[in-house]
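Peer 1: Here the protein sequences come in this chain order: A and B.
Using my numbering, the first residue of the first sequence is number 1, and each one after it goes up by one.
Using my numbering, the first residue of the second sequence is number 1, and each one after it goes up by one.
What the hints contain is simulated information worked out from the structure, not anything from laboratory work.
Please read these numbers as outputs of a predicted model, since none were measured by experiment.
For each residue, glycine too, the CB sits at the ideal point set by N, CA and C.
Watch out, some of these pointers could steer you wrong.
Among chain B residues calculated to face chain A with C-beta under 8 Å, some are [unchecked claim]:
no., residue
1, 33
2, 45
3, 48
4, 100
5, 105
Stretches of chain A that chain B covers, calculated by requiring three or more beta carbons in the stretch to come under 8 Å of a beta carbon on chain B [stated by the list, open to error]:
no., stretch
6, 45-52
7, 103-109
Short derived list, chain B residues pointing at chain A, Cβ under 7 Å [unchecked claim]:
no., residue
8, 43
9, 56
10, 57
11, 101
12, 102
13, 106
14, 107
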Amino acid sequence: GQSLEQPSEVTAVEGAIVQINCTYQTSGFYGLSWYQQHDGGAPTFLSYNALDGLEETGRFSSFLSRSDSYGYLLLQELQMKDSASYFCAVRGGATNKLIFGTGTLLAVQP
Amino acid sequence: EAGVTQFPSHSVIEKGQTVTLRCDPISGHDNLYWYRRVMGKEIKFLLHFVKESKQDESGMPNNRFLAERTGGTYSTLKVQPAELEDSGVYFCASSPPGLASVKYFGPGTRLLVL
Numbered sequence: 001g002q003s004l005e006q007p008s009e010v011t012a013v014e015g016a017i018v019q020i021n022c023t024y025q026t027s028g029f030y031g032l033s034w035y036q037q038h039d040g041g042a043p044t045f046l047s048y049n050a051l052d053g054l055e056e057t058g059r060f061s062s063f064l065s066r067s068d069s070y071g072y073l074l075l076q077e078l079q080m081k082d083s084a085s086y087f088c089a090v091r092g093g094a095t096n097k098l099i100f101g102t103g104t105l106l107a108v109q110p
Numbered sequence: 001e002a003g004v005t006q007f008p009s010h011s012v013i014e015k016g017q018t019v020t021l022r023c024d025p026i027s028g029h030d031n032l033y034w035y036r037r038v039m040g041k042e043i044k045f046l047l048h049f050v051k052e053s054k055q056d057e058s059g060m061p062n063n064r065f066l067a068e069r070t071g072g073t074y075s076t077l078k079v080q081p082a083e084l085e086d087s088g089v090y091f092c093a094s095s096p097p098g099l100a101s102v103k104y105f106g107p108g109t110r111l112l113v114l
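The shape of chain A in the complex, shown without the other chains (with noise of 0.2 Å):
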């Protein structure tokens, strides 16, 4: 089957910083996404990885190990504005549907 795997919910507080790690199991891999949440809203794409390494944009980055098929969002000086869920998607195939993880609910804290 084809799965990942993300914390359910993290803790941190306001400055702090905080990694989202995402294991995946897919039958192809063709890179790695990460979207935000808020209150259930539309998911906003934040960052893609289709090669190892990390990617930064701004406050948050992203990387990507495909031989242990793993990746994590790292977020600094959050703020209060980055408590939402975050989701991991994998680019499974040659078509472009995304599979998702379950998300993770990061609660910042003052």
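Starting from the structure of chain A, add chain B where the hints point.
Peer 2: This is chain B only, laid out in the frame that chain A set:
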């Protein structure tokens, strides 16, 4: 530029009734996707259009679901007849040609079947 829009935002229907959801993708986006999130579970792929053609419909749960994209612009997803397990949030997403790695999601339609 307007984002992906979906209508209605909420729908409450009784088991056995029909509901039609609509998605308007971002202008110029050939790729249109439907996803669904059932309570507490992951977001699951339903199908993918490229313009008006169904590229991949492997995620459609059964023949009670019918998706169309006539003219390659907006898309509709009809559920007929609706069952209790169809309740959830239905998301539409679009992406431009050649940039499948980034998908722009709409706000979703929250469907409750009673």
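Peer 1: If a hint holds in the structure, say so; if it does not, say that too.
Peer 2: How the hints compare with the structure:
{"no.": "1", "hint": "33", "verdict": "7 Å, holds"}
{"no.": "2", "hint": "45", "verdict": "4 Å, holds"}
{"no.": "3", "hint": "48", "verdict": "6 Å, holds"}
{"no.": "4", "hint": "100", "verdict": "4 Å, holds"}
{"no.": "5", "hint": "105", "verdict": "4 Å, holds"}
{"no.": "6", "hint": "45-52", "verdict": "holds (count 3)"}
{"no.": "7", "hint": "103-109", "verdict": "violated (count 1)"}
{"no.": "8", "hint": "43", "verdict": "4 Å, holds"}
{"no.": "9", "hint": "56", "verdict": "4 Å, holds"}
{"no.": "10", "hint": "57", "verdict": "10 Å, violated"}
{"no.": "11", "hint": "101", "verdict": "5 Å, holds"}
{"no.": "12", "hint": "102", "verdict": "5 Å, holds"}
{"no.": "13", "hint": "106", "verdict": "6 Å, holds"}
{"no.": "14", "hint": "107", "verdict": "5 Å, holds"}
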